[in-house]
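Q: What follows is each chain in one-letter form.
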Amino acid sequence: MSKILVIAEHLGGKLNSSTARAVSAAVAVKGEAIDVLVLADNAEAIAAEAAKIEGVSRVLTIARPENARPLAAVLAPQIAKAAAGYSHVFVPSTTFGKDVAPRVAALLGVAQVSDVMSVEAAHAFKRPIYAGNAIITVEADPAHTVVATIRTASWSAAASGSNSAPVEAITVDAALPTHTRFVELQQGKSDRPDLQSASKVVSGGRGVGSKENFDIIYKFADRIGAAVGASRAAVDAGYCPNEMQVGQTGKIIAPELYMAIGISGAIQHLTGIKDAGTIVAINKDAEAPIFEVADLGLVGDLFKIIPELEAALG
Amino acid sequence: MKILVGYKRVVDYNVRIQVKPDGSGVITDGVKLSANPFDDIALEEALRLREKGVAEEVIVVGIGPADLTAHLRNGLAMGANRAIHVTTADAVQPLTAARIFLKLIEKEQPDLVILGKQAIDDDANQTGQMLAAIWDRPQATFASKVEIADGKATVTREVDAGLEVIEAELPAVITTDLRLNEPRFIKLPDIMKAKSKPIDVIEFGSLGVEANDHLKTTHYAAPAKRSKGVMVKDAAELVAALKQKGLL
Ligand SMILES: Cc1cc2nc3c(=O)[nH]c(=O)nc-3n(C[C@H](O)[C@H](O)[C@H](O)COP(=O)(O)OP(=O)(O)OC[C@H]3O[C@@H](n4cnc5c(N)ncnc54)[C@H](O)[C@@H]3O)c2cc1C
Ligand SMILES: Cc1cc2nc3c(=O)[nH]c(=O)nc-3n(C[C@H](O)[C@H](O)[C@H](O)COP(=O)(O)OP(=O)(O)OC[C@H]3O[C@@H](n4cnc5c(N)ncnc54)[C@H](O)[C@@H]3O)c2cc1C
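Just so you know, the protein sequences line up as chains B and G, in that order. 61 is the number that this note's numbering gives to position 61 of the first sequence; each next residue is one higher, with no gaps. Position in the second sequence (first residue = 1) + 314 = this note's numbering.
If we strip away everything but chain G, and leave its shape as in the complex, we get (with noise of 0.2 Å):
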């Protein structure tokens, strides 16, 4: 079987962002930039997957500027067969992400696709469940544990209540929670012989897509700071502090 798995690049976890003074967005000029962690994990389980000899193909996608090939080449080290590169210079909102995705499966076909929870620059936590929507199929969201048989998937995800189990018969969207495995590291000699694998470029313009752009972002603003507190000296101090306050 074949396997999607969305690829995305954001501003690496590491950075602590910053507001522009004048509202109109946020700093990114020089920052890191890394594969989005959920996505990495979502390429994992799929390199596991075709390692247990359940697939046979994976494919990371990634939707974004021409400078994106370098990221992608990152994801081919990692181990992905190839990769398909949507070229667009416009940032995409979550449902136009899970049109082009949709673009992509008609032609290529997959039994399954991974994708992050989400992406942690917008933690819009959208486009899996939206792809599964407009594709007509399963989705099991935050997934920490997936095993493939018989034509379904068993994931377990983790709800605020716990773990649920549920099943999804294929083809079916997964998304990925931090716990379903620990992505490996790439590795140098990999990435000379990721050189050599293809990476399709498709223009977005040429998809047919329709870029949905119902939400207008009018304004950017640093979130309102905590004032640092007080030291105390004891654990009396502190218990006599938070009885006068009222919370004991």
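In isolation and in its complexed conformation, chain B is listed as follows (with noise of 0.2 Å):
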């Protein structure tokens, strides 16, 4: 029978919703324990969130000073120790995620599966290539453990609530290096929905022109209560910060309603948004291939749509 061992994301003491989606794909594994492992140098109330998400068995907890940041270098041989036993360890596929894994992975000799989209049996796994062009079935040898991550925008959140799991701290016999250290996080402060869990987003794209104009992208995005993205075009030119980049590249969404202003559709970027609920295009260029996508495409100048929609939501 299998025994999964999902890996928590956090950042500012607070659990991700990515943890929670690779919950699903362990359930749907159909195994017989899911634990869930928090690193961090303070677990408490992490894994007291963790402890609700509905269908973990346990939650277990390494408190180190060393796991205040996500390094992998420091994590993976951690993760590796404490994953005896187990037969499946999953990680969300973000950039922690991706960063760590394999890691883990090369540390316990196994090759890994990456971003898994759907679990066909406990071995058998559906996964993208070519940017979401092919889809392969990929089987792993039952004798080795799987690692695996999870792509998060294939899998919802599983419930989060009537669970009580108990909570376990524990050690692991694990050198740490010090050979790798954080300096620091630059994060854009914002208020508006986390774009990678958000159920609208706004997306610009190199049609909304600059920095300046992407103005109106925020200003209508917090009108709806989107979240805001952006194209490769538009993180390049420097119109907004990496961490809004969407696509093949940047952050793979699906979000219930995706709206591309001023993006062309260019196979990386739409790789991002395949799983979108409904899909919105507006863009000045009739035949741009954004269009053969969208569910709903309007042709025109966004400078002059952008004011009309927000007049049409009275």
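In case anyone wonders, no lab produced these hints; they're calculated from the structure. No residue lacks a Cβ here, since even glycine has one placed at the ideal position from N, Cα and C. All the pointers check out, no bait thrown in.
Listed next, the in silico SDA-like pairs over lysine to any residue satisfying Cα-Cα at most 20 Å (straight line):
1) B:Lys-274 - G:Ile-331
2) G:Lys-346 - G:Ile-500
3) G:Lys-547 - B:Glu-308
4) B:Lys-189 - B:Gly-12
5) G:Lys-346 - G:Asp-381
6) B:Lys-304 - B:Asp-285
7) B:Lys-126 - G:Val-340
8) G:Lys-530 - B:Gly-109
9) B:Lys-126 - G:Gln-332
Some, not all, of what chain B presents toward chain G, calculated at C-beta under 10 Å:
10) Asn-16
11) Asp-236
12) Gly-297
Restraint ranges, calculated between C-beta atoms of paired labels, are given here:
13) G:Gly-344 - B:Asp-236: 29 to 37 Å
14) B:Asn-163 - G:Arg-540: 34 to 42 Å
15) B:Gly-188 - G:Arg-540: 28 to 36 Å
16) B:Gly-188 - G:Ser-520: 44 to 52 Å
17) B:Asp-41 - G:Lys-366: 35 to 43 Å
Can you join these two chains into the complex? Each is in its own frame, and there are hints to help.
A: Laid out in structure tokens, this is it:
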């Protein structure tokens, strides 16, 4: 029978919703136990949040000052030790998980399944390759631990609230390197919804034209309570910070509503929004490829249309 | 110092890849192949470090079939001092690629290894991290800025929350993100010059690396298609449609 260890992602003492998404994937394995491992300096509050997630059997904590920041070189040896006795180790496929999971897999001497979209059986998974242009079914050897990252956009967060899984502090005997040090995290401060979990997202592209012009996107997003995203071209041109990039090499998201404004719809961008509920495209070029995937399209100048949308909202 | 650079050949990013009707793979016959864009960025960064006097030698590494030579020549034309070609007819999975790199590291003793954060064919995003693990050295993934001084690399990383800065003692593995730099174009005279640069050919079998095949791809499928939607005529109609769907 399968036993799954899910690695919790957290920041600033709060559990990231990507963890509950990874738990959903773990539930799909239909194993006998799902344990969540929290590595932190202060694990208590994070563990308490994780314990509420439905489907979780136990929450394990390793609280050490070295775990204050998610340095892969420091976390991986602890996770590799804690993985003993588990058939699967699941980590969200966020920059946190992408950084640490392969390091764990290599320490265990096993291959990793990246970006799991669906669980076909305990050792069979679907994952995208070629920017999502092909979906492969991968079978892992049951004789080895499966280390996998979970494509968060493919899984909804497991419900939270009704569970109260036991929390246990554990210790692992792992030598931690000091060759890698955290210096700082520069975070854009924003009161807007989080791009990765928002139900509505408004994104701007090169068509917005400048950093100043991007205000029109922010303003409209605020009006409808949406998070703000961007194309790579918009980020590269300095209109907005990197953490807003949506796509193959940015964030893969699945909001209920995605509005692409002044974005042409390059394949690398579309990779990031394939699972969105409704895609709206606003572009002055009627031939733009974004219209091929949009549920609702409107041809025209965004600087004219956005004020009209605001007016129509009443 | 010496820098080892991963230089993988992949299907060009402009190619719209098609799945074979029988689900046995993707159609790669006759499609355009190019350097993995992240590896061009890795090579560019290494060359800039050499131009700044931080590094003396830049070596591009390719793992793949015999016809990889022309691709490696491009890396040499871009400016690498020499190339290493590990020949294998089989596609290697990331852990095997990492083990191959480790063998080359033992031989070459580089101070820095720069790889792409992901190869755009398999999108695995694993090799650099796996290499750092088995080499027992630091990793700085998704780099958008690299500074080398006093035996360490200070690297700005593009993470979901913003930009993270970490310090890594050398030797270390860095993987590149898109905004690290803009790779230079190869000029015709450089292609001529590159013809005389050395390419070491190493047979994969001679490295003593255990090929790791814990994963088997059993089926390829085209992704579920989104159907084309409807065009609306103006903002009022769009808002009405979204309200009707309960989205506004
Ligand atoms: C390896 C690799 C990875 C990549 N990863 C990503 C990624 O993660 N995310 C990503 O987004 N891209 C990515 N790209 C880049 C991608 O190929 C495109 O270059 C990029 O998405 C284009 O951004 P854009 O649509 O904003 O710009 P453009 O393609 O320039 O499109 C701008 C659009 O705005 C429209 N427009 C202009 N003015 C107006 C106006 N006034 N009103 C209305 N419409 C207007 C134009 O008609 C045009 O369609 C990647 C590329 C590579 C090679
Ligand atoms: C015919 C065919 C069949 C395949 N079958 C399978 C399969 O069954 N299962 C499977 O998992 N994959 C399969 N692949 C994919 C192939 O094995 C991938 O290249 C491999 O998994 C590595 O993944 P990646 O390149 O995405 O690694 P990443 O970890 O995304 O690569 C990151 C970086 O590592 C370096 N690097 C990686 N590989 C090389 C290399 N060869 N040469 C130089 N530098 C390199 C580069 O710097 C690269 O940017 C197949 C490919 C082909 C063409």
